[in-house]
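> Chain by chain, the residues run as shown.
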Amino acid sequence: METANLIPRSSLRLVKILGAIFNFVWYANFILIPFVIAVVGYKVVTDGKIDSTIAVQIANTVDSSPVATIIDNAKTASATINIGVLKIELKPTIKHLSLLIVQFVLIESILILFLYNMRKILNSFKAQRPFSRENTKRLRWIGLSVILYVPVHLINYLFDVWILHDSIAAPNQIYWVQKEIDPNMLILGIIIYVISSIFDYGMVVEQENKEFV
Amino acid sequence: MAIIVNLDVQMAKRKMSLTELAERLDMSMTNLSLLKNGKVKGIRFDTLNALCAVLECNPGDLLSYVPDSEGGV
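Chain order of the listed sequences is Z and S. For the first sequence, position 72 (counting from the first letter as 1) is numbered 72 according to the UniProt record's numbering, and the numbering increases by one without interruption. For the second sequence, position 38 (counting from the first letter as 1) is numbered 38 according to the UniProt record's numbering, and the numbering increases by one without interruption.
Since the hints were made in silico from the structure, they are not lab data. One or more of the hints may lead you astray.
[Claimed, not checked] Result set (DSS-like, lysine-lysine): computed pairs, CA atoms no more than 25 Å apart in a straight line:
1. Z:120 with Z:16
2. Z:137 with Z:120
3. Z:137 with Z:126
4. S:39 with S:13
5. S:36 with Z:210
6. Z:210 with S:13
7. Z:126 with Z:16
8. Z:95 with Z:43
9. S:15 with Z:210
Build the full structure now, drawing on both the sequences and the hints.
Take a look at the structure:
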């Protein structure tokens, strides 16, 4: 079937740029994985510590400073510092190393799942074959990877809470681990999943229509 | 499938070629060939109507039911 003009040239240029970006991220990710493992492994072996960074909310507001550059439209303005980053150097126990590995594997799995399917979809656009059942399946996997982002961040949040309670006595009097759970990602993932299901149904109807004369 | 398309029989009776039938039906040779060889899942009433009109026959002359050896539906 002749599909040369299926995607306009201007859109194809955008697809090519996006394809190049996703290809770069895809290959950079695979180069960075062994690099990160080597750096962390080296630090654990030589220094005998793991650096852990946890985004926290400070229970008692530290400061409330007036904003000097206030203009006439506002009556008063002051900045309150109640969020921060807690840097903890952990002794590398089996438990900490396991947590680190599980976090890393979960995040990388989602990233690889997302990037793999995005690249495949963009490649099919470049080949002028965007409407296929494979692409609807890939779109479904992208939706799932976006949905999975939420539970993975929830697991990371629980790991951070665990590390905080394991490292600091009575931490809740001073810090709370900042929640990074984003319901927007869940909604976005569900929308992508539903759209992929609609496309899939459309493909089935089209296929059935083709088999009728 | 248990439904057999007897298009070739009716075409032979009328001494009509596939090309001529395709032209008169305003249908592609590919689709007509698929229909003749029973490679389609279904036929639209529009197509059946046009076929009956051109070949001067009834739908029953074009289609016949032969049960499968397994006896399934």
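> Indicate, hint by hint, whether the structure satisfies it.
How the hints compare with the structure:
{"no.": "1", "hint": "Z:120 with Z:16", "in the structure": "12 Å, holds"}
{"no.": "2", "hint": "Z:137 with Z:120", "in the structure": "11 Å, holds"}
{"no.": "3", "hint": "Z:137 with Z:126", "in the structure": "18 Å, holds"}
{"no.": "4", "hint": "S:39 with S:13", "in the structure": "22 Å, holds"}
{"no.": "5", "hint": "S:36 with Z:210", "in the structure": "16 Å, holds"}
{"no.": "6", "hint": "Z:210 with S:13", "in the structure": "29 Å, violated"}
{"no.": "7", "hint": "Z:126 with Z:16", "in the structure": "7 Å, holds"}
{"no.": "8", "hint": "Z:95 with Z:43", "in the structure": "17 Å, holds"}
{"no.": "9", "hint": "S:15 with Z:210", "in the structure": "29 Å, violated"}
Violation of the numbered hints given earlier is confined to hints 6 and 9; the remaining hints are satisfied by the structure.
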